[in-house]
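Using the sequences and the hints given, assemble the complete structure.
Below, each chain spelled out in residue letters.
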Amino acid sequence: MNSGPKSQLPIYAAVLFCLALCPMPAEAHLTSTGMGPIYDGLVHFLMSPEDFVPVLALALLAGLRGAAYGRRALFTLPGAWLLGGFVGMSGAATNGNAIIAAVWFLLLGGLLAADMNLSLRLVTGLAVLLGLYNGYLNGTGMGGFGAASVALLGLVFAVFVLVAFATAFVVRLRAQWARVSVRVAGSWIFASGLLMLGWATRRH
Amino acid sequence: MKTRQHAAVRWIAVLVPMLLCARVALAHPQAGEAKGFLTGFRHPISGLDHVLAMVAVGLWGAQLGSPAIWLLPVAFPMVMAFGGMLGLMGVPLPGTEVAIAASAILLGAAVLFEFRPALPLAALLVAFFAIFHGHAHGTELPPGQSGLLYSMGFVIATGCLHAVGIGIGVAHRWVWGQRFLRFAGAGVAMGGFFFLWKVFV
Chain W
359 MNSGPKSQLP IYAAVLFCLA LCPMPAEAHL TSTGMGPIYD GLVHFLMSPE DFVPVLALAL
419 LAGLRGAAYG RRALFTLPGA WLLGGFVGMS GAATNGNAII AAVWFLLLGG LLAADMNLSL
479 RLVTGLAVLL GLYNGYLNGT GMGGFGAASV ALLGLVFAVF VLVAFATAFV VRLRAQWARV
539 SVRVAGSWIF ASGLLMLGWA TRRH
Chain F
3 MKTRQHAAVR WIAVLVPMLL CARVALAHPQ AGEAKGFLTG FRHPISGLDH VLAMVAVGLW
63 GAQLGSPAIW LLPVAFPMVM AFGGMLGLMG VPLPGTEVAI AASAILLGAA VLFEFRPALP
123 LAALLVAFFA IFHGHAHGTE LPPGQSGLLY SMGFVIATGC LHAVGIGIGV AHRWVWGQRF
183 LRFAGAGVAM GGFFFLWKVF V
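Protein chains in written order, with this note's numbering: chain W, 359 to 562; chain F, 3 to 203.
Because the hints were derived from the structure by calculation, they are not lab data. Any given hint might turn out to be false.
From the structure, some residues in chain W lie toward chain F, with a derived Cβ separation under 10 angstroms [said to hold, decoys possible]: (1) A456; (2) A533; (3) W535; (4) R541; (5) A543; (6) W546; (7) M554; (8) G556; (9) A558.
Even for Gly, the Cβ is constructed at its ideal location relative to N, Cα and C.
Structure (structure tokens):
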């Protein structure tokens, strides 16, 4: 008889399965999560594809280029985002321009799809620009919010975590098909940007 | 053995009542955005003519092997999105329905006969038809949706259709698989003839 230690996996699987059977109503992208401003900011970022997707694209691009690029993006992007957010809080509330949002998709998606051999300085510049621009827009939107600074910190934390996970995931990829898959994701982002551009011009 | 069977029965006895008591998930109370993504995701897979052509691109890429296996599915969504952008902007493109039917015929024939042109020619052929597919989608887009989420759903669905084609195309490594792919190519081409006939009837 096998007297070795039994795997706990079936128990965990059973518990998770039971939890999955009792879904609670998902309250996506609400103004308040009810869990405090940190989570409000964090959830806002995760539920805003116009913020989330360019950050993901930049992180994947930095990851494809190597660990040094990933480390640089990991600190410059959230830093610039935080700075832009604080500057934006003192500015008048403004909505993002749909064409500029589309341009970010096109630029970062295109660079990722082409696996462009960019210099570290250029990737850093892109991270700073993206962080300042999107951070500023977020900041202006949070201006009237009581705990805006704390929400901004939550948002920047989400940016940091996403960049950390995405770059770390891509840096370790060695198989050609896996790296090609990342580039395919870039082509999808680029294609989404083209359609967004069409939507933006259609409105005008 | 009996102990295991008893344990399994106990688990089933617990899990089945829980399944019966599953609550309704009320996800995405913010109206518009989720609808935009889902509508965008459904759009490419709602028309069989589009589905046939996109799966055929994946099949053909799998037959041609590397680098076409990833270059064609990368080229198609990008150029298709360009066509979609033209459609959204209101730029007219004549003969869209005929070109979409012709794309199924030619791409199906390429799979059927295992046509192996130079890579630029294959990419050019796929890109040419992609513009018409994208334009048709662009002009059909519903108003009042979230453009960003719609676009993402649209592109992801297109990519998934190519992935289905590539996944089926993996069978090309076996002799029976090669025959099966050629048979599938014939099916796509016949579908194209049917859609061409519908255009003129």
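Do the hints match the structure? See the list:
no.	hint	result
1	A456	7 angstroms, holds
2	A533	13 angstroms, violated
3	W535	8 angstroms, holds
4	R541	7 angstroms, holds
5	A543	9 angstroms, holds
6	W546	5 angstroms, holds
7	M554	5 angstroms, holds
8	G556	3 angstroms, holds
9	A558	7 angstroms, holds
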